[in-house]
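Undergrad: Going line by line, the protein sequences match chains C and U. Residue numbering for the first sequence is 0 to 386, as defined by numbering that gives the first Met the number 0. Residue numbering for the second sequence is 0 to 638, as defined by numbering that gives the first Met the number 0.
The reader is advised that the hints may include incorrect statements.
What the hints assert, rightly or not - With the Cβ distance kept under 8 angstroms, some of the chain U side facing chain C (calculated, not the full set): (1) Leu7; (2) Phe9; (3) Arg30.
Stated by the list, open to error - Quick partial rundown of chain U residues pointing at chain C, CB under 10 angstroms, derived from the structure: (4) Ser10; (5) Gly21; (6) Tyr42.
To be verified - Residues of chain U placed beyond 12 angstroms of chain C at every Cβ, according to the derived structure: (7) Arg12; (8) Leu37; (9) Glu40; (10) Arg41; (11) Ala46; (12) Thr131; (13) Ser144; (14) Glu216; (15) Asn301; (16) Leu327; (17) Lys435; (18) Met505.
In short, the hints are calculated from the structure, not lab data. Idealized CB from N, CA, C, for every residue including glycine.
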Amino acid sequence: MTWSGEIRTSAPSRARRFGRQTNFDKIGRIPWGLIALITGLALFGTAMLYSSTITNPENTGLPSKHFVRFLAAFVLMMVLALVPLRVWLAAALPAYIVSFILLLGVEFFGSSGGGAERWLEIGPFRGQPSELMKLSLTLALAAYYQRYLKEASGGLLVHIPALFLIFAPALLILRQPDLGTALTVIASGLVVVYFAGLFWRVIIAGGIAGIIGAPFAYFYVLKDYQRARVETLWNPSADPLGAGYQSEQAKIAIGSGGWDGKGFTQGTQSQLDFIPEQHTDFIFTVLAEEFGFLGSAAVLLVWGAVIVWGFVIAMRSHTRFGRFAAIGAVSTIAFYVAFNIGMVAGLLPVVGIPLPLISFGGTAMLTVMAGFGLILSVHIHRESKLL
Amino acid sequence: MKIRDLELEFSRRTMMAAGAGGIVWGGLLARLFQLQVLESERYASLAAENRVKLELAPPRRGRILDRFGAELASHRSAGRVTVTRERAGDVGAVLSRISDLIDLSPERRDRILRDVARQPSFVPAVVANELTYEDFARMNIHAASLPGVEVEMASTRSYPRGRDFAHVLGYVARASERDLQRLTEGASLTERELVRRLFKHPDMRTGRSGIEYTAEEWLRGTVGRRRVVTNAAGRIIEELPSDDLAPTPGRDVSVTIDADLQRAAIERFQDESGAAVVLDIDSGDILALVSTPAYDPNDFVNGISQADYDVLRANDRSPLYHKAYDGLYPPGSTFKMVTATAALEAGVIDPNERITCNQQYWFGNRTWHCWKDGGHGPVNMHEAIKGSCDVYFYEVARRVGIERLAETSRKFGFGHRWDLGMTGGRSGVVPNDAWKRATFGEQWYEGETLNIGIGQGYLNSSPLHLAVMCARIAAEGRVIAPNLVGDGPNRGPRDIVDAPLDAEMMQRMKAGMFGVTSEWGGTARSSGDLGLGGPRLAGKTGTAQVRRITAAERRSGVLKGDQIDRKLRDHALFVAYAPADNPKYAAAVVVEHGEGGSRAAAPVARDILAHAIRNESGRTPTYQRSASNAAASTSRGAL
């Protein structure tokens, strides 16, 4: 039996029996439950934005803007869901190259917003290439393993180009400097490599090297303000007015929410503007304060369900490409959520990572919804062959 | 078998990843449980007492200084009372308790209640500004028992020279929604938010007109933060040191005006309304830019009441209007040097040719009149300027034609909006055929050229135009551009009309202007002596007609000033430079409805110029000394 990137399955395949799927067939296969969860999260995000901006009459446009962006991104997701896997596969390398060139563009021509250079303007378009790279990297890794991961090549060599694919753009992003995005890119890329079967001994060796290298990185790679943010993690009350301010105020907001919260739009911390960035990266504080442990745990669990669903979709794909692409996309989203909530809850240093679907921000919304589009596509085309 | 192994490995790794994910999610959930359930009480009390706040600290607005560093706009401290709805609860009740302590009119109370209702509940609203010492002390004693009430020393914009610089400096006011839109245009979301919050601070003001408006960013400075500890009621009980976050004050702006000369010029006008411009011929610096009467910009800083504003608007001497820069008047006979220059440039007249004036000039089927009863008789160019003979200039203007006349006027700067780097300014009108077709859809008639020749008709210009024209004559044709900002944004000169004027022709004009003030038959002989025992001035009178003299009135004798309503009386104009033999200053004076230029305007111009020469100190302007420092500094005054 010749085996080229296709995973054997015992389930009877509709596609095999009836030939190509029509778009109508595809729509019939959309997992509506997953879509309901995504839509629910975005609607909840709109409500939280309403609450977080209600005391600033000038910001009243934000919630509706958020919702309109979600609708536009939703359409994009549905269109992407119908794109066949072979088109994704063909687009993988060009997308990666374009994203990489744009990242280089930021390095040389980027404009700064909030101290870091991460925006690139081309004509009327303004975006963060690092966001684009998240999806492109996922596709590129999946395409790479589809092509080169043979049953006989469980060795180390096959993974080295993959690691290069991950770290080259990550270093560029780190230079912007955008520590949060760089870490997300590295982490979700490594998850794909892990699933591609990198030897355990290599993983363990890498982990040990990481632990040894961490202090070195802490002192020589991180910038002063980043170090300050890490320090406040261990000793938050050392400088409650400086670096630890945001983190400390966020914890107070979350903690004072209690079991069932202070009620919608009733959060004193949020409404009194104690927390900077509360409509973007720190939106979770608003919902935790106003809906308490019940609300924040519910959001965390709904996100958990979405992520598990994504992994199930990955596992059921018949091709390596589909499987790795879905894993990459879902782990990117999972790291977003985990890093954001970990940072807001004072477990991780403050790095600028939004909470997908809930935080205000256009580029992140597009990235996440395009990622869901890819996952849905993998689901719909799970039985299609690539060769 | 290898395939099976990979599959098996994949399943195994999936399990492990699921386990890791479970641990992470479980960890997050546990953390939330810890914060929100186990330690909830601690954080709830922290939230209630959470009163270490970072507040926005407004930067101190830059000052505006005169030529020699005298303060024209600065700051002054004054007591202020504010109330915050969130802490006060019933604002109405608190206000009525305050009104037992200090004077608070019912209108004022309504306005405060309106302000309070409109703003977010945590933004303080101003109850009273500029408390007297007694009120301040009394409020301070009682503030502790008034919930949500703060009594503090605030820094207020102040204009120590009051009315003198109203139109030049403009004024500042609380930022309105329109101001905010303008100030945040093109800014990013966070910058916009920051600017909006900053301008909610009771100390913040934004420029509404004049230099305050155009130099807004330069003057504003950079916002800082203030760390404060507040008690449970929200009252600030302590301010923590926060030097690292301190705001950067705005930068000072220097104008070229000499505040003493400005004052002397305004005083000289007494009750008359009018405008005066004094230029330093050497540098083009504007030494005085007077428009009188004026309003007091201090009245606007805390918002002027509608009643007071209505009074200003109703005043028929238009104190709100910047007559020197925005006011347009027909230049009248002061324009005759331009007509003469145009004729010489066109070569249509020999300066020695005599034209006979019988007080009347016939053209087409109409008659034009000279102002002088009985006429001037035969006059050459010098005598025509000296005696301001209208007939001579009717004839000369006819020979030159409107197009060449318009072209020469533009060389003198007429029809051009001089950019002084401040708000306002008008170009005036230099009419020609194309202009008339565009404006009235009608061709130019040659008869209209005659009116332009004596500075009447459609022609009009601001006092600044007249001063620049006079300075260019005095400098014998050298290019001069007026300059108002010595140090600051829009530092001048901002623009230059680079048109050559022939030095020999200008010497001829100067001789004529000297004749006006110093020779037998000159129209302003009585004003020629500066009273300084030597130096004289040279100038030219002018009268800007406000009403039309009908043929019937001409027959029965033209009415004199006191026979007609003030509003219909002619404007008196005078342009001059001094000293006549070595010109340093050029001036233009307009006395509105002052009748004759020689009687009303010339003495004013003479006294202003005499003051300028008498008080000459040889001091260099401060901004020239600091210019090198300013160039070295790279920090911008933007927020």
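Undergrad: Run every hint past the structure and note whether it holds.
TA: Evaluated hints:
1. Leu7: With a closest approach of 11 angstroms, the Leu7/U hint is violated.
2. Phe9: Check passed: Cβ of Phe9/U comes within 7 angstroms of chain C, closer than 8 angstroms.
3. Arg30: holds (5 angstroms)
4. Ser10: holds (8 angstroms)
5. Gly21: Status holds, d = 9 angstroms.
6. Tyr42: holds (3 angstroms)
7. Arg12: It is violated; Arg12/U is separated from chain C by about 6 angstroms at its closest Cβ, not greater than 12 angstroms.
8. Leu37: violated (9 angstroms)
9. Glu40: violated (8 angstroms)
10. Arg41: violated (7 angstroms)
11. Ala46: Contrary to the label, Ala46/U does not stay out of reach of chain C, its closest Cβ about 4 angstroms off (not over 12 angstroms).
12. Thr131: holds (34 angstroms)
13. Ser144: Consistent with the label, Ser144/U stays out of reach of chain C, its closest Cβ about 24 angstroms off (over 12 angstroms).
14. Glu216: Holds: least Cβ distance 19 angstroms, greater than 12 angstroms.
15. Asn301: The claim stands: Asn301/U keeps its Cβ more than 12 angstroms from every Cβ of chain C (closest is about 23 angstroms).
16. Leu327: Leu327/U clear of chain C: closest Cβ-Cβ about 41 angstroms, beyond 12 angstroms.
17. Lys435: holds (45 angstroms)
18. Met505: holds (53 angstroms)
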